[in-house]
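2 protein chains.
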Amino acid sequence: MSLFRPDVDRIQGYVPGEQPQDDGWIKLNTNENPYPPSPKVAAAVAEACSGRLNVYPDPLASRFRKATAELFNVDQDWILPGNGSDEILTILNRAFVDPGELITFPYPSYTLYETLADIQGAAHERLLLEPDWSWDIDRVRPQIERSKLVLVPNPNSPSGNCWADETIHELVPPNGVFVLDEAYGDFRAEPHQGEILHSDDGRRMVITRTLSKSYSLAGIRFGFAVAHPDLISGMRKVKDSYNCNTLSLAAATAAVEDQDWMLGNRRRIIATRDRLTKSLCELNFDTVDSEANFIWATHSEISHQKIYEKLKARKVLVRFMKFPESLNDSELTGLRITVGTDDETDGFLEILREIME
Amino acid sequence: MSLFRPDVDRIQGYVPGEQPQDDGWIKLNTNENPYPPSPKVAAAVAEACSGRLNVYPDPLASRFRKATAELFNVDQDWILPGNGSDEILTILNRAFVDPGELITFPYPSYTLYETLADIQGAAHERLLLEPDWSWDIDRVRPQIERSKLVLVPNPNSPSGNCWADETIHELVPPNGVFVLDEAYGDFRAEPHQGEILHSDDGRRMVITRTLSKSYSLAGIRFGFAVAHPDLISGMRKVKDSYNCNTLSLAAATAAVEDQDWMLGNRRRIIATRDRLTKSLCELNFDTVDSEANFIWATHSEISHQKIYEKLKARKVLVRFMKFPESLNDSELTGLRITVGTDDETDGFLEILREIME
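Chains A and B supply the protein sequences, listed in that same order. Residue numbers for the first sequence follow my numbering, so the first one is 20 and each next one is one higher. Residue numbers for the second sequence follow my numbering, so the first one is 20 and each next one is one higher.
Treat the hints with care, as some may be off.
One copy or any two copies: either way a pair holds, since identical chains are not told apart in the list.
[Unchecked claim] Derived SDA-like pairs: lysine to any residue, alpha-carbon spacing no greater than 20 Å straight-line:
1) Lys46 x Asn73
2) Lys59 x Val74
3) Lys341 x Thr352
4) Lys85 x Ser322
5) Lys331 x Glu363
6) Lys46 x Asp77
7) Lys331 x Gln40
8) Lys331 x Val74
9) Lys297 x Val307
10) Lys46 x Arg71
Derived from the structure by calculation, the hints contain no laboratory data. Predicted model, so just to flag it, every value in this text is computed and none were measured.
Produce the entire structure from the sequences given, and follow the hints as far as they go.
Written as structure tokens, this is what we have:
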């Protein structure tokens, strides 16, 4: 007899992208930012280290919440920090969804949503996207209406496209909570200040953000939620009291306080993304217009898995993705390619050209 | 209509000890170690900062697991790191307990267990301790036999006493998992290497540890589980993929690798603890023989709450605790006093003597 919950026995667990621990890779598979974080991060961490690591962190994360509240033009009680937006997503599941209640999310999209729903013992359904990554709202409406939690990444992954606010409003469940997962939100063409939260249905909306991508801080596992205090105060009850540590709080605060640095890296990545898109098209790949730091590329003739394997043999990692279900086809496959530095991009393209010959 | 789960609406959330953010306090309320962590911690964190914070942490925490496995004389796959033992306790709830199943724990004890069970939607019952903090095994056996998860801190909090392995074996549920919460395990008179896990019922046992207390690292939120790989592998499925960050991993690894530093602080704390116990007895407090870094003190004549308040007015914080249920009395109250430095202890005793006059 297993000691585990049946749900836990049944699931595989989420499989993150490969993280080789040796050197020499061009690593374009997990959407990390190729540029270092603000130098103010290391200074803030060193200061925190010279302080008192023997005492518990500030459970209110006051300085981080102050800096972030200013960015979104809200009060501090609208902000909840966590260990990456992954922890925020776990908190959302635990706060709002009882076993058997329904969680929905677009598909193809971020596959962690399914794993988290399984862990929570929740029911879950995929909201199938159209072949051009748009929504057929009438088709998904019945599912949305039955949902306790709807999770939508915007920009979406793996496609990188963004949906307009008018579409987002159509996806808010009438009897549940809507999560706008903006892990890649800083790479959008038109950044925003969370104005959507102040709309009529904003009281049932939570925006999640991470510092892993735009702030170049995947290593510190830091994310946060922005939502009305009625939602934040309940979410806070299910988190560990001291969920964020003194070092990551110091790093995150310094990064958020240095907007210029993040915006400089954002500009560089967007310029490289546009060049990479053009080059992929020249190699006969189909791409989606991306507002993120990665590009979804498909090829009508050559096996995506083969391309992935040949690149890997040359120490270039991209993400080969396989979605068993889609409206387009019985199975959707493709390559999700992170936008690296210009040098990494040139190195990748050179090897890709050789492979495609 | 609330959007939250009924369980979440019903609970208050765990209330941690006060964490004043201003200076000048003698802070003896949350069992922090008064001494700084190993200087190797700051060096390791600085090195990690100069490395690549823009990439994800090592999801396997290889170096930390190697160092810790050696301490417990097991293979690396017996070790699971987390954000404090609090996260490990959350993982244990989510891995083993379905809503409605029973979680039990001694009482008076660590009150977080009840909060975590509530969040999980689990049933929970208190295993009432005898007035002298011992177990009446025959009395609690029916509860143990119905338990899916039994959580026992050893040393216990707030009492600080330790139970022998023979008692621990009696508390292992026949159809569930037993958690030996050793947050204060390094302060025991007889430290061990987890030999109990290799006993007949060891396959249903998990030891949890934290670096917050003995390693002086409450600020980095780091703990770990030690258990048979069959248990660890299932627990791993319910955690976030990258639950520990690059900075806390570097700090934790450096701390665990510097055993001499930890053991030096342990010796100092034990010496101060013995002196503090003696002084409290001279002031007519009743104390429990502590194998932790705190002392449980009660006074038969003066209100514990009054003593706490008078100390707080003088900027001395101890933990006033109130347990509504006990075999001793309708309500048990007392003061849990952390063992500080010698200077802090002298300062506390001086003010306490004035208050008691």
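Taking the hints in turn, this is what the structure says about them:
no. : hint            : result
1   : Lys46 x Asn73   : between (36 Å within a copy, 12 Å between copies)
2   : Lys59 x Val74   : between (23 Å within a copy, 18 Å between copies)
3   : Lys341 x Thr352 : within (4 Å within a copy, 59 Å between copies)
4   : Lys85 x Ser322  : neither (49 Å within a copy, 40 Å between copies)
5   : Lys331 x Glu363 : within (14 Å within a copy, 59 Å between copies)
6   : Lys46 x Asp77   : between (35 Å within a copy, 14 Å between copies)
7   : Lys331 x Gln40  : within (14 Å within a copy, 50 Å between copies)
8   : Lys331 x Val74  : between (45 Å within a copy, 18 Å between copies)
9   : Lys297 x Val307 : within (11 Å within a copy, 73 Å between copies)
10  : Lys46 x Arg71   : between (36 Å within a copy, 13 Å between copies)
Hint 4 from the earlier list is the only one contradicted by this structure; the remaining hints agree with it.
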